[in-house]
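**Student:** Here is what each chain is made of, one letter per residue.
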Amino acid sequence: MTNSIIHILLALTMPPLLLGVIGKTKAAFAGRVGAPFLQPYYDIIRLLRKGSVFSTTTSWVFRAGPIVALATTAVAALLIPFGAHQSPISFDGDMILYAYLFALGRFFTMAAALDTGSSFEGMGSAREATFSCLAEPTLFFALITLSRLSGSYSLSGMLINISFGVWLNTGAALLLLVCGMFIVLLAENCRIPFDDPNTHLELTMIHEVMVLDHSGPALAIIQYGAALKLFVLGAFFVHLALPYATGNSLIDWGLFVISMLELAVVIGMVESAMARLRLVRVPQLLVAAAILAAFSTLLVIR
Amino acid sequence: MITLADQLLVLVLLINFISLGTSRLIFSIRAVAVQGVILGILPGLIHPFSWHLVGITTVIIAVKGFVIPLLLVRAVRSAEIKREVEPFLGYVPTLLLGAVFTALSFGFAGKLPMLPEHQNYMFVPASIATLMSGFLVLTTRRKAISQVIGYLILENGIFIFGLLLAEAMPIMVEAGALLDLLVGTFVMGIVINQISREFSSLDTSRLTSLKEE
Amino acid sequence: MLAALIILPLIGAATCWLIPFDRLRPKVLSLFSLAHFGITLRLLIVTPPESPGGWFHLDALGKIVLLSTSTLFLVCALYSIGYLFYRQERSNRALCMWLLVCLSAASLVTITHHLGLMWVALETTTISMAPLIYFNRNARSIEATWKYLLICSVGVALALIGLYFLAYATIVARVEPSLLLDDLIRDAGKLSSGWVHAAFVFLLVGFGTKMGLAPLHTWKPDAYGEAPGLVGALLSGGLVNLAFLALLRVYQLCLATKEIVFFQNALIVMGLFSMVMAAVFMARQADFKRMLAYSSVEHVGIMAVALGLGGKAIFGALFHILANGLTKGVLFLSSGNIHRSYNSKRTDQVRGVLRRLPWSGGIFLAGFIAITGSPPFAPFISEFTIISSAFMQGQMLVGAIFLLSLTVIFIGMALTVLPMVMGEVPADSEKTAYRDTFWTVGPPLALLLLMFLLGVWIPEPLMTLLRDAAALLEVPQ
Amino acid sequence: MHSALQGYFDPALVALVAALVIGCAGIPGLFLRKPGPGQILSTAATILAAMAGVPASLQLLFSHTTTTYLLQWSLPFGPCELVIDPLSAFFLLPVFIVAAAGSLFAVGYWPAAEHRATERGLTFFYGLLASSMAILLMARNGVFFLMVWEVMALSAYFLIVVEHERENVRRAGIVYLIATHTGTLVLFVYFSLLAAQTGSFLLPPVGSLSALSPYAAIMALAAFVGFGAKAGIMPFHLWLPSAHANAPSHVSALMSGVILKMGLYGIFRSLTFFYEPPLLWGVVLTVCGIASALLGITFAVAQRDLKRLLACSSIENIGIITTGLGVAMMGVSSHNPTLMYLGMAGALLHILNHSFFKPLLFLGSGAIIHAAGTREMNLMGGLGKGMPRVALLFLIGSVAICGIPPLNGFVSEFLLYLGFFSQLKADSLVYLVLLAPVLALVGGLALIAFTKLYGSVFLGTPRSQAAAHPHEAGWPMLLPMAFLALLCLLIGVAPQLAMRLVSPAIAAFYPQPFVAEIPAGYDSVLGRLSLAGILLLTAVVLVTLLWRWRLGRGRVATAPTWGCGYQRGTARVQYGATSFSEFVVAVFNGMVRQKIDRPTLGGLFPRSARCSDVPTETLLDRVIVPLFMLVGAWSAFLRRLQYGLIHLYMMYIFATLFILMLWAH
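Going down the list, the protein sequences come from chains H, G, C and W.
First residue of the first sequence? That's 1 in my numbering, and the numbers climb one at a time after it.
First residue of the second sequence? That's 1 in my numbering, and the numbers climb one at a time after it.
First residue of the third sequence? That's 1 in my numbering, and the numbers climb one at a time after it.
First residue of the fourth sequence? That's 1 in my numbering, and the numbers climb one at a time after it.
Simulated from the structure, these hints should not be mistaken for laboratory data.
Wrong hints could be hidden among the right ones.
Said to hold, decoys possible - Computed Cβ-Cβ distance ranges for the label pairs, DEER-style: (1) W:LEU627 to C:PHE21: 53 to 63 angstroms; (2) C:ALA427 to W:ALA113: 20 to 30 angstroms; (3) W:ARG33 to C:GLN88: 27 to 37 angstroms; (4) W:SER524 to H:LEU277: 44 to 54 angstroms; (5) C:ARG174 to W:LEU70: 52 to 62 angstroms; (6) C:PRO459 to W:LEU70: 29 to 39 angstroms.
Bear in mind that the values here come from a model prediction, so they are computed numbers and not experimental data.
The C-beta atom is built at its ideal place from N, Cα and C for all residues, glycine as well.
Given these sequences and hints, build the entire structure.
**Tutor:** Written as structure tokens, this is what we have:
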């Protein structure tokens, strides 16, 4: 019970911090001081206070976009286990629900973008659609591998199962998987090298360009939602890459928070080390990720 | 008697070859007429005398020997055609084929069982040979007239075979023969006249508008 | 009673010859056909006794063919009332007279058991149809008539010599020489196989020519294409069945002589060949009457295959006599209307029939669906029986070729018929006086309904009739 | 309520009568002089019959009863039984529901007053089609089955070509007719062989035939080809897109929603006959199924014609169902109840789902075409403002068909995924799990296809004058759509109920008692699923409340969409349907072909030019039609035989005589 409460509290409070850490890391690499860690919180609160501007061409679909996106991510957050702790909701096959929840959010985000009738936002949603569709199989290969390794059909079962022991036995498969999933993590959260969250040239944007017309509270919701998505997918990834676990519940919570922050730092490093890919290269990278994951699957089920 | 009948049959075969070989229509019509007369005489030679027989003989001689030829000759005259120009198959090959078929028919007849009293006649081979020659004429000639001639020869072949049955089932034979004559002469005659009126020629190679492109 | 079947039409022919008014003759024609039909029904109910000497005997096979022929004649006669109204430019004396002569001869074919007499009657039907094919009096029709006459006469002549062989076989076998079917069947065992074989071959070719089995079918497209619609109907629905009846008689004989296997194989081969030929020629056919002619070739092929298969397929073949004959009537009569209305048989000129002639077009379409063996029409029952028995007997190859050609034929017909009936009427198409009237649409419609009825419900008497007929053609174990 | 019904009358009889009533519903209209009443009458009759038929079939389903009637007929094909067992009853549900919905829709969509010429025939054949499908499900005599089957196919044909003045309608009709008739001929073979095996045309009882007999393989193949051609499984799907696109919308709804299922019913029914089916059968079904799913949805993504897109997605859904069936058959042949249950449940449930959301979408497309006057998505846009209700219902349909929670499409795909994963622990058939990523890819593509559809039709601003002033559909069109949408939501939120429907039908396949206890395990899972669905809805509500609350605080202004600095943005520069999918089509190039023409711009001031991408039907245009041409050319050579020369004809006779003579002696 307490675990569930902690789980929900973390999901509610921690996500923007990751953004802050990433920003700080990038700043450090650029030799700047950078914005404070809590900057994302300030932004969200400020946006919540602001008024809204709605395009005359939009309908209710536009307004529903951010809301559904956040709602779906939130439910997904309840399905994924944080650290060595069971997730609040867990049942056989919840991983499929997990995967499809994001699809729902994506549907509404893209619909909202198309609702504005702006060519840029349409362009962005077209790209988003293609990339996420290509990222889909990778996630499933990962799920297959994990489920095979753990013999469990629920996210909690298959993720908590990963430990250094498993790494020793099937290191190759897990390594391939980590590479694949990291690519997907970056792609799904629109980080460099796929997309640049704070670029200012609409032509090059993917996710950001879809939310150009949102303002005020809606924009806040979107930013928080994005952060939460990063957090949720990150939690998934952390299980694979940094499977620390001691028996003690509190210590494990601590370890989880730390490893999430580590992840944020790593992302920041990647972002400052790499440049954006050309758009045409993106699908190739995603397919490569899928292939890596597929190999790992074949390694474990043969 | 027997020998005479056989000699007549040989004559019939010869006439087949003549009609296969000649190009002049009038001539081949006459030949077929002669063939008809011979066929008229033949029953008298193999069957005992009876008035019935006389009746058949006269009718056949009259029709096959005179009526049909006259009709055909009239048609030829009206259409002003003298001779069969370029047939589908040359005369020499036709003659050779005729010879081959005649030989075949003799072979075929040899395999079939016969009544002892018919054993030493050559009715069967002759009839089949004539039939074949009729077919040959039908397949190789262009003019409608010569096709009628071919049909008549074919009929003659059948008639020769019918002679074997003449005593067993006379009515059958006569009915058959007469009906054929009906077709051979009147209907075809009429149609031929229509053709020559419609196309002002009796060249059936003109009758080829109905076909699959 | 039997005599009436023969004589009545002849009287009718005489009256048609004497009547001077064109308007009146079709009605006389219909009257006599109606009477003939009545007598037929009466004969079907109370079977007349076999005539002394066994020359005339109306058995189950004869009954089926008589029924289909008489029905078709009646419908065509009624149709002629409406049709000839649009053909007043020329006298219909010959037409009506020869139709009735043909009817009389046809009845004779169905009731006689004397092969010689049957042959005479068949020859008569052949001749009597010639002037009807020439009804249109133009170059094309004279050509068609000439081909029809020459080829069919040759065929019938071959049949005659076949009969002579048969007769001579009886003489050689020292049995009482006769061409009575029953005697032949009785003495069949003693006949020498050489003559019998020769006889069967000649009879098959002879009657096959009249029936139009490929490759002896060459006269069909020309004759059907040039003849008026109702003549085409009679040729493909009536005369074909008569020739088939003749083949059935030969088949009976074969059963008795134990030479059946050769005959069956020959039938199957020629039948399949006919279907394949029909398939080839039906593809991209530009003349819808010729297309119907090839469809007729296809269906005689089907009947031949069924006869060759034996067993259950026999039932299919016999039912197909009715189904095919009457459905052909539907198609030819409605196509005759279409031809009148567009004054063209070319499918590139005939378009949008459903728009111009809703009734004739609809009937034609339905007839197409029926003839290609789609339920709920009668041909489906016969065709399915034949196909299923082919597969049940393990004749996979036969069944496969059968189905393949059926498919190709369906595609060919569909690509010809559907563009005809659908769409808009081309603006430049000829305007003619023809309109759908009760007398031109009623008869084919009635036939269509009959086909539908037989497709869903076969009355018990007909069923028993078919069963008895099939029993006559059972292969003895 | 069902128990109450039971006392009074026999549900099977009710279903039968309902089917017949629907069949006769269109007849009075043929004879009425005034156009209106006939349609109203038939609609009323159809709806009433459906209202009687649905509970009846539900009761048959729940009570696991099998009722047999003997039809008195005089055709020489043995006795003709009409049997309703749970499997038939299950398939009866969509027939009744969709038929009723469609006929009500027709009142608004194809009003008799405006379509005097065609309405009568349309109504008549519509009823005939619906009832023939219902009867088909009861027919247990092979020949009777074939007859009803062909009646169904032909009435569908007449419904397709109702607007036969249009060239492409005629073409679609011909292609459809040829395809279906060929399929029927193959079925001739199937039923003949079946009769040869059992000795009668009555369909054999469950599990009575050995699958190892030499004929079994041929039979299975024939059944697969014959029924698959009707269901539109991949190699035989050629006729499907154009036929569904060119029919009137409520007809497309019936065709896509139910007729395809009849083909599947044939396959299901045929598979029940055999015991010990070889693993190969399941493999073939699975491979064809997943291929249909992937290729079908790829075609759908590329389409620019609204209804063609929907039709292609039908191929996809049929593929998903077939995959489930194949998985289930693998389960049967490997004696793995769980696999069998999951596959079968997924397949059957998806049949039910697809026959709810696909008709919903097709009816919606009808409303759209009514409003916009075109099927070209590139010319639409912004319809959502003119017709908000249709937009909402269509949105539900789109989300459902993408298999997204919390709607019904997700439930069936969820079961299939469970099936794929269920073999991970076992070591046999473990490679089955590789289907999961493919299905995920299919899901992703479906998302693209329907975002494209929904976005380019309802959202943004109108791209053409035609779409500029849409009008909301009338209640006869909205009501059926709303009803179907409600069903989608119901199954999505309460999947356990749906399983109650599916389980009895499964029992028809695998009569072992286990069917009783296996579902118990998955009921809890589905319970959690519905819980999650409810949670999701609550989350949406909460976030909305938060947003409204904050919205209330700040001031709200409206302005035109920000043009990113481009001041002259017009409706034409929006991302259209084609441009939306252009990227992904480029990625999947090769699987789907397009006829692309790109203008070459030359000079400093290039003249105005057009560029277009038109998806082509590769198989039909590049393979089948040329094949026909080839055969035609080849036959043209044979046609020389009929060359009008009578001498040749004589020679044929002569030759025949000669050959036969040689053969005889």
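**Student:** Determine for every hint whether it applies to the structure shown.
**Tutor:** Each hint, compared with the structure:
| no. | hint | in the structure |
| --- | --- | --- |
| 1 | W:LEU627 to C:PHE21: 53 to 63 angstroms | holds (58 angstroms) |
| 2 | C:ALA427 to W:ALA113: 20 to 30 angstroms | holds (29 angstroms) |
| 3 | W:ARG33 to C:GLN88: 27 to 37 angstroms | holds (35 angstroms) |
| 4 | W:SER524 to H:LEU277: 44 to 54 angstroms | holds (45 angstroms) |
| 5 | C:ARG174 to W:LEU70: 52 to 62 angstroms | holds (59 angstroms) |
| 6 | C:PRO459 to W:LEU70: 29 to 39 angstroms | violated (20 angstroms) |
The structure is inconsistent with hint 6 alone, although it conforms to all the rest.
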